[in-house]
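Q: Let the hints inform the model, and build the full structure from the sequences given.
There are 2 protein chains.
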Amino acid sequence: MPAVKHYEHYLNIINTGLESLTFPEQPASLYEPIKFSLDLGGKRLRPVLLLIANELYGGKEKEALPAALAIEVFHNFTLMHDDIMDKAPLRRGKPTVHEKWDTNSAILSGDQMLVWAYSLLSGTNEFYLSQAYTLFNETAKGVCEGQRWDMDFEQLEKVDDLQYIQMITLKTAVLLAASLQMGALLAGADEFEQKHIYQFGLNLGISFQLQDDLLDVFGSTADVGKIQGGDIVANKKTYLWIVAHKLANDENQKQLLHWSSNKNADQKDKIRAVKKIYETLGIPALAEERKSYFYMEALKHLDQLSLPQEKKNILQGLAQNLMDRIS
Amino acid sequence: MPAVKHYEHYLNIINTGLESLTFPEQPASLYEPIKFSLDLGGKRLRPVLLLIANELYGGKEKEALPAALAIEVFHNFTLMHDDIMDKAPLRRGKPTVHEKWDTNSAILSGDQMLVWAYSLLSGTNEFYLSQAYTLFNETAKGVCEGQRWDMDFEQLEKVDDLQYIQMITLKTAVLLAASLQMGALLAGADEFEQKHIYQFGLNLGISFQLQDDLLDVFGSTADVGKIQGGDIVANKKTYLWIVAHKLANDENQKQLLHWSSNKNADQKDKIRAVKKIYETLGIPALAEERKSYFYMEALKHLDQLSLPQEKKNILQGLAQNLMDRIS
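Top to bottom, those sequences are chains A and B. All residue numbers for the first sequence refer to this note's numbering, where the first residue is 7 and numbers rise by one. All residue numbers for the second sequence refer to this note's numbering, where the first residue is 7 and numbers rise by one.
Among these hints, one or two may not hold up.
Since copy identity is lost for identical chains, a pair holds within one copy or between any two.
As a list, the in silico DSS-like pairs of lysine-lysine whose alpha-carbon atoms are at most 27 Å apart [unchecked claim]: (1) K106 <-> K164; (2) K201 <-> K276; (3) K147 <-> K41; (4) K66 <-> K93.
Read the hints as simulated data drawn from the structure, not as lab findings. For clarity, every value in this text was computed on a predicted model and none was experimentally measured.
A: This is how it looks when you write it as structure tokens:
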């Protein structure tokens, strides 16, 4: 029997761990937004990946937990600051911190979360501390760069699809990859294993984000707190948008420009029309193809791991579940 | 001869170290604000204190440098984010990052500086790494709390002078204290020495901030980029403001309220009038008394150190210089 439990088991560990974090009572204006943000819930995908990778390599859950919590707190820090920058009103169906409190609170509580993430990471076994910090630091740098590229792209008229892949690699995939590597590292896996499990996560993360872009337009149901077609409404430069603008003929270009520049357009009309153009141009199939490419790349790296096949199957099953989600 | 060099020597090391940091070229929008911020110069007081403490305890400059740079980068991160929160237009006579670029840039480049600070700290000798990270983490948490109290106080009608001391302890003093402790720690000083050099720095830092409050109103010349009496113009709740409001009789209260609520008042008239009230109430002498109290506390901790007297004299001379500044 593979030595791994159900997703729920890990999710519970993470949620229990987050609940047991003891933030000071004061200043309440600093810590309330942090608690609010961590209480919003979610899949806790990154720390769960960390714990699973750790268990697959024979690590001890308790020793991996500080790093897992550090990564989840870090992830929520990025959401809090990204929401300010993106002027997002909602997160998981609730007001964002800068809306519920104010921008200064979201800046400062976010800063404190980043510090807290590092502080949690300090709970790591001293034997691995230096490597853990290095991995965490390089990852955090990448995530900030990814967010910057994302913001820069929103100001550009044209973005290349390769540039887009590089951006989502930094913004989304490196943290998933680092979570897996951290789990392996803390279980004593060697560099070869760490490298390939990182690459597995990196390619899976890219595939995951392309799936996200597809689901926003072509998913069957909307995720809690998200609007179906929200990316189209916001003129967000997703993979679909970028490839559509690359392939569109003059008439399609004109139509896309019409919908993106018409601020008074009915949202449903706009979504329907842009979706139609995407379909005419064969964008869903192209995006699916890209998504599959990175998914297959992920599996190649999975194959390289020295883990027994039954353990690899667990990671593959998890990857498959991520890609099979419909919202 | 005491084994310590002139301030300029350490300043040069820090400035050379900062110049040699190799930030990526891209995304330029992320790294240009960081370089701009670090190029603004300044006294580099915190990293210089770190290097001096390190040398006094027989440490190696090269091994202390990464932590010294980490602390300076961290300090500049706090300035970048504080400037957003305080809506400050200028820093050292130049536009602040959120003015020169925009708020999002100042948020994200600030975040990246915080990550970079941690990344620099990773360059510390592995033997001290865990202790160095713990000291850094606890300090950073304190600094964020201090900034939060400062913002909260601005919204209150009344602030107690003890609360104010606690706020500046966190916002300003803990980083000066931690710089000295870090220098001692990285030279292998024991816990007793670390504790007392920390307390020396903490009390000196409080004294230093009270001096700052005094100089803003009663200094002979204005610091570069600062307006003489700027705290009065901005109705900032400094130590002077707080004690004045505590001691003022009804007539003085009325006058203070008049000047703080009158947005169209001539700045010079306002400064002159409030300064006069402070003098009538004997505020400068009270603030001087408080300042001296913490300065003497600092010297008591200095006295506890096991360093030879000539080395203690160096720290005392440095402290004296800080308190003797006239702007």
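Q: Are the hints correct? Go through all of them and say.
A: Against the structure, the hints:
1. Taking the shortest alpha-carbon separations for K106 and K164, only the inter-copy value of 25 Å comes in at or below 27 Å, while the best intra-copy value is 35 Å.
2. In this assembly of identical chains, the alpha carbons of K201 and K276 never lie at most 27 Å apart, being 44 Å within a copy and 65 Å across copies at closest.
3. Proximity of K147 and K41 under a CA criterion of 27 Å is satisfied in both settings, with 25 Å inside one chain copy and 16 Å between copies.
4. Taking the shortest alpha-carbon separations for K66 and K93, neither the intra-copy value of 41 Å nor the inter-copy value of 48 Å comes in at or below 27 Å.
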